[in-house]
Amino acid sequence: MALAGCSGTFLPETVDAEPAAGFVDVVSRDWHTDIGLPAAELRGPLASLQQSFPGATHLLFGFGERTYWMKAEPSPLDMLRALLPGPGAILVTGLRVPPAEAFGPENVVTLAVSETGLDRVSEFLWEQLAKGPDGLAHPFADGPYLGSLFYATPRAYSASFTCNTWTAKAVQIAGLRVSASGVLFAGQVMERARAAARGEGLAPMATALR
Numbered sequence: 002m003a004l005a006g007c008s009g010t011f012l013p014e015t016v017d018a019e020p021a022a023g024f025v026d027v028v029s030r031d032w033h034t035d036i037g038l039p040a041a042e043l044r045g046p047l048a049s050l051q052q053s054f055p056g057a058t059h060l061l062f063g064f065g066e067r068t069y070w071m072k073a074e075p076s077p078l079d080m081l082r083a084l085l086p087g088p089g090a091i092l093v094t095g096l097r098v099p100p101a102e103a104f105g106p107e108n109v110v111t112l113a114v115s116e117t118g119l120d121r122v123s124e125f126l127w128e129q130l131a132k133g134p135d136g137l138a139h140p141f142a143d144g145p146y147l148g149s150l151f152y153a154t155p156r157a158y159s160a161s162f163t164c165n166t167w168t169a170k171a172v173q174i175a176g177l178r179v180s181a182s183g184v185l186f187a188g189q190v191m192e193r194a195r196a197a198a199r200g201e202g203l204a205p206m207a208t209a210l211r
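In the numbering used here, the protein residues as written are 2 to 211.
A portion of the hints provided could be inaccurate.
What the hints assert, rightly or not - Quick list of simulated restraints, FRET-style, between CB atoms:
hint: 1; residue 1: Met-80; residue 2: Ala-22; range: 35 to 43 Å
hint: 2; residue 1: Thr-117; residue 2: Leu-137; range: 30 to 38 Å
hint: 3; residue 1: Glu-192; residue 2: Val-98; range: 31 to 39 Å
hint: 4; residue 1: Pro-20; residue 2: Leu-147; range: 19 to 27 Å
hint: 5; residue 1: Arg-199; residue 2: Glu-116; range: 21 to 29 Å
hint: 6; residue 1: Ser-49; residue 2: Arg-199; range: 19 to 27 Å
hint: 7; residue 1: Glu-116; residue 2: Ser-161; range: 31 to 39 Å
Just so you know, these hints were derived from the structure itself, not from any lab.
In this text, all values refer to a predicted model and were calculated from it rather than measured experimentally.
From the three backbone atoms N, C-alpha and C, an ideal C-beta is built for every residue, glycine too.
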């Protein structure tokens, strides 16, 4: 699986011993999932994205297959093609209300995160965005929703590394007990996020930052 072959610095999965300093949201959009952060909690260069989403209080980050995602009405053939390895894209959505208010509390799990966790997930999300000559991330197209923008990414999409694998990996890197191992579907992400919210989850393991 692509996740096992990722390169990067390996870090302990959990930082639960540290006090909570903020929150991340895991959001279900039917078959797709996002990770969300309050705009004020974005760390390092990731905070520069706030300039593209004026007035947003929360930013959601989601990964997908670029060609499929860019089509207004993808066909069944497009869905099959999306399972083959191909270019990915990151969709960033700016919200002016908390995710639970926008998508319904049944579709959102909010998890407390330490200061270290916020730093790590911000670094991960920044690394997932392609940069221009100025070293900044710039959108290449409007997204399908009001207040959403597409960003290029060096990450490839495939049937073994889906949007939901990506979300679980981001949550895991935040230091939470949510393992990305074996995740392909939205239900798996939400089930593991709810387990983490209950104080359950898998034992600590190593995870790659990129």
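Going through the hints against the structure:
1. Checked against the given bound of 35 to 43 Å, the beta carbons of Met-80 and Ala-22, roughly 40 Å apart, stay inside it.
2. A C-beta distance of roughly 25 Å is found between Thr-117 and Leu-137, which places it outside the suggested range of 30 to 38 Å.
3. Taking 31 to 39 Å as the suggested C-beta distance range, the pair Glu-192 and Val-98 does not conform, at roughly 25 Å.
4. Taking the beta carbon of each, Pro-20 and Leu-147 are about 36 Å apart, not inside 19 to 27 Å as hinted.
5. One distance hint, 21 to 29 Å for the beta-carbon pair Arg-199 and Glu-116, holds here, with the actual separation near 23 Å.
6. Between Ser-49 and Arg-199 the Cβ separation comes to about 35 Å, which falls outside the hinted range of 19 to 27 Å.
7. A hinted range of 31 to 39 Å holds for the C-beta pair Glu-116 and Ser-161, which are about 33 Å apart.
Consistency note: the structure conflicts with the earlier hints numbered 2, 3, 4 and 6.
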